[in-house]
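2 protein chains.
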Amino acid sequence: MADSRKVGVLGGGQLGRMLIEAANRLNIQVNVLDVAASPAKQISAHDGHIEGSFKNADSVKKLAQVSDVVTVEIEHVDTHMLEEVAGQVKVEPSWKTLRMIKDKYAQKLYLKEHGVDVAESVDLEGKGVQGLKDVGSSFGYPFMLKSKTEAYDGRGNFVVKSEGDVDAAFEALGKRPLYAERWADFRMELAVMVVKTKDGVLTFPTVETVHEDSICKLTYAPPRNVSPEITQKAQELAKKAIGAFEGKGVFGVEMFLLKDDKLLINEIAPRPHNSGHYTIEACPLSQYDAHLRAILDLPIPASGLRLREPSIMLNILGGQTPDSHIQIANRALTSPNASIHLYGKGDARPGRKMGHITVTAPSLAEAEAEIQPLVDFVDDLKGKSKKDTSSPTTTSGENQPLVAVIMGSDSDLPVLKPGLQLLEKLSIPFTTRITSAHRTPDWLRTFSKQASSTSLRVIIGAAGGAAHLPGMCASWTTLPVIGLPVKATHLDGLDSLWSMSQMPRGEPVATVGINNSVNAALLAVRILGASDLAVRERLRVWMEGNEKEVLAKDQALLEKGYAAYLQGMGK
Amino acid sequence: MADSRKVGVLGGGQLGRMLIEAANRLNIQVNVLDVAASPAKQISAHDGHIEGSFKNADSVKKLAQVSDVVTVEIEHVDTHMLEEVAGQVKVEPSWKTLRMIKDKYAQKLYLKEHGVDVAESVDLEGKGVQGLKDVGSSFGYPFMLKSKTEAYDGRGNFVVKSEGDVDAAFEALGKRPLYAERWADFRMELAVMVVKTKDGVLTFPTVETVHEDSICKLTYAPPRNVSPEITQKAQELAKKAIGAFEGKGVFGVEMFLLKDDKLLINEIAPRPHNSGHYTIEACPLSQYDAHLRAILDLPIPASGLRLREPSIMLNILGGQTPDSHIQIANRALTSPNASIHLYGKGDARPGRKMGHITVTAPSLAEAEAEIQPLVDFVDDLKGKSKKDTSSPTTTSGENQPLVAVIMGSDSDLPVLKPGLQLLEKLSIPFTTRITSAHRTPDWLRTFSKQASSTSLRVIIGAAGGAAHLPGMCASWTTLPVIGLPVKATHLDGLDSLWSMSQMPRGEPVATVGINNSVNAALLAVRILGASDLAVRERLRVWMEGNEKEVLAKDQALLEKGYAAYLQGMGK
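Residue numbers (full-length UniProt numbering), protein chains in the order written: chain V, 1 to 571; chain L, 1 to 571.
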């Protein structure tokens with residue numbers, strides 16, 4: 001064993017199971033407290049497991065007796081027993097943190113006290129129906145009614161849309177300890193997995209999470225159309241939030257990205273989290289590796305948390321039939337980049353997390369194109385109407401562009417044609433846009449600033465005359481920009497060639513020959529091929545074809561003689 | 001379960017264990033025939049396992065009774081019992097194939113009959129010492145003496161270096177069924193994992209394997225300094241070889257790359273193989289996923305076998321102390337891109353396969369730089385002298401270059417200096433070479449043709465005057481080539497600018513401004529950043545710094561007025 005210490009875990013569901021996958025590879029024994037044959041126990045054959053409930057004090061005590069470090073895969077545990085055993089065994093994260101976080105209202109007050117931005121909340125315990133109406137008056141509608149405890153995957157939450165909903169909301173949740181949250185008018189939900197170690201706080205990349213019926217459906221790493229500045233801000237906010245709590249391990253931090261780009265913490269989970277499943281394939285270290293190492297004080301090199309390839313995770317939720325999850329998994333077997341995880345939960349129940357699928361690809365656009373048929377399949381199974389597939393909860397499914405070809409004017413389009421045809425021939429997805437540096441400077445700025453957060457990897461800018469287009473674009477993006485000088489009325493194209501090539505130090509434009517759109521396209525292909533071996537191979541084959549063509553012409557010239565050859569050319 | 005069929009596997013070592021990792025994720029039950037608590041059984045808790053030996057006929061029969069498909073993790077099994085049970089249960093690959101392959105001499109004859117290139121072999125069974133001497137006369141020395149059966153990891157092999165070795169060789173192996181092989185004068189060993197399905201034959205990428213003391217030590221995917229043509233030829237040869245056998249599953253094909261670039265099959269394994277461990281992290285589907293799907297007739301999309309990131313696998317072999325493998329694993333915990341696999345074999349024995357480490361990185365050069373300290377650590381533990389680390393069995397350990405800066409003459413170097421300094425500042429590893437298109441055309445050709453098989457991803461070519469250097473380089477490579485026109489004595493640099501930018505259709509040169517080596521460097525950085533988000537982020541921060549600098553100057557100009565500002569500039 002890489003480590004002879006034994007880890008005890010409260011709960012043996014899918015999170016415990018994936019934690020054990022990581023532990024198995026290091027030969028670290030994990031003792032699971034849960035019912036027999038629970039998902040986690042199925043892949044761990046030894047006699048250190050405890051049969052029982054993680055809410056039962058005696059069982060927790062038994063687990064502590066056979067373990068060196070105790071951790072959780074769920075926060076709804078007996079924290080009083082954990083407090084009691086904390087003298088004899090390490091408990092990570094701290095029972096204090098678990099007790100604080102399992103009460104969502106207490107969690108939010110605590111974060112607020114520590115200067116972390118959270119949605120505004122009001123305590124409603126014992127305030128009855130009138131309390132809800134008062135909140136409606138002060139927050140306005142809609143607002144979010146939540147149970148302080150035992151709320152997850154939409155259970156224990158109620159969106160109060162108007163005063164007319166108040167009675168129904170109280171009817172549904174009135175017996176539980178309640179609080180209300182001001183409605184966050186978000187444009188997107190983000191999440192960050194944070195690792196708290198003995199030495200400090202590290203973060204995994206920021207992901208976008210998409211919920212449906214209040215259950216996580218998809219995660220996107222990186223988020224779609226979000227700037228690096230915002231994803232970095234999200235990591236910093238998540239770090240700050242988790243820095244406020246005691247103990248070691250991974251924490252899931254869910255947040256709202258508001259329409260004005262402000263970030264608000266939504267919820268925290270003191271354990272591995274659904275929004276971190278993608279890390280198994282997409283990062284060198286997974287959230288499970290990181291949790292295990294953090295609670296055992298083993299090294300976690302920060303760059304092990306990098307994104308190896310963009311990835312999308314799709315949850316496999318139980319449907320109407322007991323085998324609905326199997327149908328989804330079987331469909332995913334035909335998807336080349338899909339890693340399938342089934343949790344060993346037996347028959348499906350509607351909405352139950354039965355497994356997940358992670359697709360990784362060289363670009364998020366390719367991952368989106370690959371996962372779309374799976375999302376459609378899931379939606380079909382669920383009986384979701386086709387119309388819904390254009391809703392923000394589903395991906396676009398287009399083969400998203402890797403190259404943008406921008407031009408100052410549509411008069412440049414004929415010059416671009418041979419280059420665009422070549423991109424098509426080499427199966428490079430591209431988009432063409434008209435953006436004049438002088439007539440639409442703001443649109444060029446917006447386009448260029450967003451470019452690096454989209455599927456794009458290279459930009460070709462065609463322009464004639466003063467030809468500022470590619471140079472200005474390069475000044476607003478970090479992507480490589482290729483300049484195609486177009487011959488205008490005067491100066492034979494030299495004006496554009498010089499304007500593009502002679503950019504000041506700091507913002508290069510990769511300039512190709514005047515009107516030579518084929519070379520602009522081929523340069524874009526070479527740039528993509530620098531990291532994509534499949535593209536490089538297509539280019540090699542194309543160049544080989546070119547070589548053969550010229551060699552064949554040479555042979556023909558040799559055989560026919562120049563005069564007959566010229567005749568053949570009609571000259 | 002994704003599939004209710006049960007898989008039986010003969011052997012519960014590390015290969016069986018990793019097969020079960022794959023099966024667990026699909027909730028497919030795998031029944032293991034091996035001793036209790038064998039590596040594979042440790043991660044599979046159910047009552048379908050059989051305790052016993054995979055060489056024992058009764059045990060094989062018992063396994064067949066509880067399984068729907070029977071497969072192997074080792075070929076040294078009772079194929080006669082497999083033949084017997086093949087009527088009631090599927091056996092994959094076929095017992096005929098297993099019987100053929102477990103006899104290495106029969107395997108080679110069979111391949112030869114099917115037109116596959118293998119090393120020349122001679123049967124030596126019953127031929128005694130004289131037989132060996134006869135082989136020495138006909139093949140010359142050295143030649144390879146091998147046991148037909150039960151030979152692996154160097155056991156059962158003997159290199160006969162001269163007639164003086166013959167007696168010792170016979171003494172060592174004489175009691176076994178022997179054959180001899182002509183010595184293959186190879187420059188490198190390659191391996192390909194092949195997947196045989198009901199529909200055809202697929203291949204994983206070609207890898208380079210490095211052996212030490214006849215045991216696999218390292219694998220490189222892709223191989224170092226091997227052209228795409230050769231790696232493709234290797235895949236085709238492997239496909240042809242495996243196409244000759246009956247049955248489904250993955251097969252490991254080891255081969256020699258001779259000094260004249262010819263390929264010869266060395267050995268075949270009818271099962272997952274050490275040279276395919278890297279696929280767990282480096283490919284969307286691993287060799288274990290592929291084996292499981294192949295024997296169960298589940299879909300295997302061909303592009304699921306692609307390489308996501310270059311990767312290097314290092315075996316963790318048992319050393320002199322029982323915990324040597326733990327020491328290596330603990331050292332690997334500090335390596336950010338290292339995935340560690342320990343096999344649960346208890347105490348180490350010298351040379352025993354205790355685990356492996358796979359490092360994946362955006363480039364093979366980065367993976368090499370990261371694995372080198374681990375290789376050094378392993379060599380130190382083994383007491384291997386430092387001098388040995390420069391041997392071909394170890395990697396170079398340099399931070400291998402991503403950018404090559406080539407120049408026609410050392411007179412271009414002063415112009416390049418600011419660009420080279422910027423590459424250093426942005427932590428981009430590069431190399432600088434002098435290659436004149438006119439004075440050293442052959443060297444330029446060799447360099448350019450090899451470039452795409454090395455760590456390089458971008459080339460910057462600086463030249464003045466006729467400035468053919470980047471254009472010729474681009475004609476011999478598929479990598480992106482940046483042209484830096486250098487101002488020579490006449491024409492103010494325009495000659496070079498035009499020579500580079502005006503390349504014919506087919507071979508673009510990304511031309512930057514005259515003498516602007518900073519922009520050449522930045523363009524290289526942007527190209528790397530198109531696929532490497534960490535590089536892109538470093539560039540963004542650098543550009544932000546530039547922006548702040550200019551804004552600060554603007555503020556100073558506003559505050560001081562132009563006269564005082566000019567004075568501050570000393571003008």
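Incorrect hints may have been included.
[As the list claims (entries may be wrong)] No more than 20 Å apart at the CA atoms, straight line, and that leaves these computed lysine-lysine pairs for PhoX-like:
{"hint": "1", "chain 1": "L", "residue 1": "Lys449", "chain 2": "L", "residue 2": "Lys262"}
{"hint": "2", "chain 1": "V", "residue 1": "Lys449", "chain 2": "L", "residue 2": "Lys548"}
{"hint": "3", "chain 1": "V", "residue 1": "Lys345", "chain 2": "L", "residue 2": "Lys6"}
{"hint": "4", "chain 1": "V", "residue 1": "Lys6", "chain 2": "L", "residue 2": "Lys345"}
{"hint": "5", "chain 1": "L", "residue 1": "Lys239", "chain 2": "L", "residue 2": "Lys262"}
{"hint": "6", "chain 1": "V", "residue 1": "Lys548", "chain 2": "L", "residue 2": "Lys449"}
{"hint": "7", "chain 1": "V", "residue 1": "Lys217", "chain 2": "V", "residue 2": "Lys96"}
{"hint": "8", "chain 1": "L", "residue 1": "Lys240", "chain 2": "L", "residue 2": "Lys112"}
{"hint": "9", "chain 1": "V", "residue 1": "Lys6", "chain 2": "V", "residue 2": "Lys62"}
{"hint": "10", "chain 1": "L", "residue 1": "Lys61", "chain 2": "L", "residue 2": "Lys96"}
{"hint": "11", "chain 1": "L", "residue 1": "Lys240", "chain 2": "L", "residue 2": "Lys262"}
{"hint": "12", "chain 1": "L", "residue 1": "Lys6", "chain 2": "L", "residue 2": "Lys233"}
Note that these hints are calculated values from the structure, not bench results.
Here's how the hints hold up against the structure:
Under the criterion of a C-alpha separation no larger than 20 Å, the hint pairing lysine 449/L with lysine 262/L is consistent with the structure, at around 19 Å. In summary, the hint linking lysine 449/V to lysine 548/L is supported, as the alpha carbons are separated by about 17 Å, within the 20 Å threshold. Restraint check for lysine 345/V and lysine 6/L: the C-alpha separation of about 17 Å stays at or below 20 Å, so the hint holds. Between lysine 6/V and lysine 345/L the CA atoms are separated by roughly 17 Å; this keeps the pair inside 20 Å, and the hint holds.
About 16 Å separates the Cα atoms of lysine 239/L and lysine 262/L, which keeps this hinted pair within 20 Å; it holds. A C-alpha spacing of about 17 Å is found between lysine 548/V and lysine 449/L, which places the hinted pair at or below 20 Å, so the restraint holds. Restraint check for lysine 217/V and lysine 96/V: not satisfied, since their Cα atoms lie roughly 31 Å apart, outside the 20 Å limit. For the hint pairing lysine 240/L with lysine 112/L, the CA-to-CA distance comes to about 11 Å; that is within 20 Å, so the pair holds.
Note on lysine 6/V and lysine 62/V: the hinted pairing holds, with a Cα-Cα distance of about 13 Å set against a maximum of 20 Å. Restraint check for lysine 61/L and lysine 96/L: the C-alpha separation of about 17 Å stays at or below 20 Å, so the hint holds. Taking the CA atoms of lysine 240/L and lysine 262/L, the gap is near 15 Å; set against the 20 Å cutoff, the hint holds. This hinted pair does not check out: lysine 6/L and lysine 233/L have alpha carbons roughly 37 Å apart, beyond 20 Å.
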